[in-house]
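So this note's numbering is basically just the index in the sequence shown, starting at one, shifted up by 7.
Possibly wrong hints are sitting among the right ones.
FRET-style restraints, in silico, Cβ to Cβ [claimed, not checked]:
#, residue 1, residue 2, range
1, Pro9, Arg86, 41 to 51 Å
2, Arg133, Asp68, 13 to 23 Å
3, Leu26, Asp103, 20 to 30 Å
4, Asp75, Ser120, 34 to 44 Å
5, His93, Ser122, 12 to 22 Å
6, Arg86, Trp16, 30 to 40 Å
7, Thr24, Asp68, 27 to 37 Å
8, Pro13, Gly53, 13 to 23 Å
9, Met8, Asp30, 15 to 25 Å
10, His37, Val116, 12 to 22 Å
11, Val116, Leu55, 35 to 45 Å
In case anyone wonders, no lab produced these hints; they're calculated from the structure.
Backbone N, C-alpha and C fix where the C-beta goes; we use that ideal spot for every residue, glycine too.
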Amino acid sequence: MPRLQPLAWMLGSWQRTGLPEGDCGYERWHPDGSGFAGVGARLKDGRLVFEERLRLEADSDGVFYVADVAENTHPVRFRLVAQAGHRAIFENPEHDFPKRIAYRLDGDVLEVSTSGNGREVVFRFRRSSAATLDRGD
Numbered sequence: 008m009p010r011l012q013p014l015a016w017m018l019g020s021w022q023r024t025g026l027p028e029g030d031c032g033y034e035r036w037h038p039d040g041s042g043f044a045g046v047g048a049r050l051k052d053g054r055l056v057f058e059e060r061l062r063l064e065a066d067s068d069g070v071f072y073v074a075d076v077a078e079n080t081h082p083v084r085f086r087l088v089a090q091a092g093h094r095a096i097f098e099n100p101e102h103d104f105p106k107r108i109a110y111r112l113d114g115d116v117l118e119v120s121t122s123g124n125g126r127e128v129v130f131r132f133r134r135s136s137a138a139t140l141d142r143g144d
């Protein structure tokens with residue numbers, strides 16, 4: 008796991024900001040022995056409407072961000088192509104959308120940008136406690 012240490016700033020619980028009333032979203036990351044495991048979710052009026060299983064892993068081909076969502080038949084791997092300080096960019100030019108996932112930490116604010124094919128979607132999160140996330144605050 009030493010190759011993942013430069014990305015340890017992603018670990019923790021992150022509460023999504025800027026969502027409509029009644030919605031809540033989060034990402035959680037933790038070390039799991041062989042890499043970093045994560046989950047991203049969005050709830051609307053207390054009901055789960057989206058969930059993805061996430062993973063950061065290193066192998067002989069590099070460091071990868073792996074997203075497992077219901078829309079895809081298999082998890083999708085994005086290669087780490089740039090990392091400096093609290094910024095990391097992962098790419099998979101063969102994937103339909105996104106082709107690029109960029110994480111940036113500024114203080115307690117985590118910004119995640121997904122982009123490709125002339126389109127970009129930005130998600131913003133604030134560091135939070137897991138207990139707060141469970142309540143949907």
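Do the Cβ positions of Thr24 and Asp68 conform to the proposed distance bound of 27 to 37 Å?
-> With a Cβ separation near 35 Å, Thr24 and Asp68 satisfy 27 to 37 Å, so the hint holds.
Outcome for the supplied range 20 to 30 Å, where the beta carbon pair is Leu26 and Asp103 = With a Cβ separation near 25 Å, Leu26 and Asp103 satisfy 20 to 30 Å, so the hint holds.
Starting from the hint 34 to 44 Å, judge whether the C-beta atoms of Asp75 and Ser120 obey it.
-> 20 Å, violated
Could one say that the CB atoms of Met8 and Asp30 fall in the range 15 to 25 Å?
-> 34 Å, violated
Does the hinted range 12 to 22 Å hold for His93 and Ser122 at CB?
-> 19 Å, holds
For the pair Arg133 and Asp68, does the Cβ-Cβ distance stay inside 13 to 23 Å?
-> For Asp68 against Arg133, whose Cβ atoms are near 34 Å apart, the range 13 to 23 Å is violated.
Val116 and Leu55, beta-carbon distance inside 35 to 45 Å?
-> 25 Å, violated
Starting from the range 12 to 22 Å, see whether the pair His37 and Val116 falls in it by beta-carbon distance.
-> At 20 Å between Cβs, range holds.
Distance restraint evaluation - Pro13, Gly53, Cβ atoms, bounds 13 to 23 Å = 37 Å, violated
Per the hint of 41 to 51 Å, is the separation of the Cβ atoms of Pro9 and Arg86 within bounds?
-> 18 Å, violated
Falls inside 30 to 40 Å, the C-beta gap from Arg86 to Trp16?
-> 19 Å, violated
Comparing the model with each earlier hint shows violations of hints 1, 2, 4, 6, 8, 9, 11; every other hint is respected.
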